Amino acid sequence: MANPITLLADTAADLMTAGPVSLEDTATAAAAAAFLTARGFGAAVVINPAGHPVGVVTKTDLLVHARGRAAGLEADRTAVKSLMTPAVFSVPADTPARSVLEQFLALNVHHLFVTDTAGVVVGVISPVDVLKRLG
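In this note's numbering, the protein residues as written are 28 to 162.
What the hints contain is simulated information worked out from the structure, not anything from laboratory work. Worth double-checking, as some hints may not be accurate.
What the hints assert, rightly or not - Taking CB as the label site, the calculated pair distances span:
id, residue 1, residue 2, range
1, Arg125, Pro76, 17 to 27 Å
2, Asn75, Asp121, 20 to 30 Å
3, Ala45, Lys86, 16 to 26 Å
4, Ser126, Glu51, 28 to 38 Å
Just so it is clear, the structure is predicted and the values come from calculations on it, not from any experiment. Beta carbons: idealized from backbone N, C-alpha and C, even for Gly.
Starting from the given sequences, assemble the full structure and let the hints guide the process.
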């Protein structure tokens, strides 16, 4: 008989990767692609000039944009704010881990951002983070 799989985490804080990366909403698509690729991330929070999160840009957003562009040699100066998902799906750090999993499924997203009590983004949870906590 196989052993049941257990999630070895109690809260969102236990699941998250701390210190998520962010991009300014004025960054170009080319800069965002280079940024995500260089760091090996699949998504970044997009912040406005005041530093507040206003959306999320993913590698998928950038690929869809690149596919839709006409072939050309000029640099892509499209601003990230026109490509991003204009919402940041987040959970408080003390959210029960089970609820985090339920939200992944309900929202059909690949990244949930974790906020502190002041609403500041302090971490990110991806499906890989969840898999790392299975025992």
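Checked hints:
For Arg125 and Pro76, the hinted distance range of 17 to 27 Å is not satisfied, since their beta carbons lie about 37 Å from each other. Between Asn75 and Asp121 the CB atoms are about 26 Å apart, so this pair conforms to the stated range of 20 to 30 Å. A C-beta distance of roughly 21 Å is found between Ala45 and Lys86, which places it inside the suggested range of 16 to 26 Å. Between Ser126 and Glu51 the Cβ separation comes to about 31 Å, which falls inside the hinted range of 28 to 38 Å.
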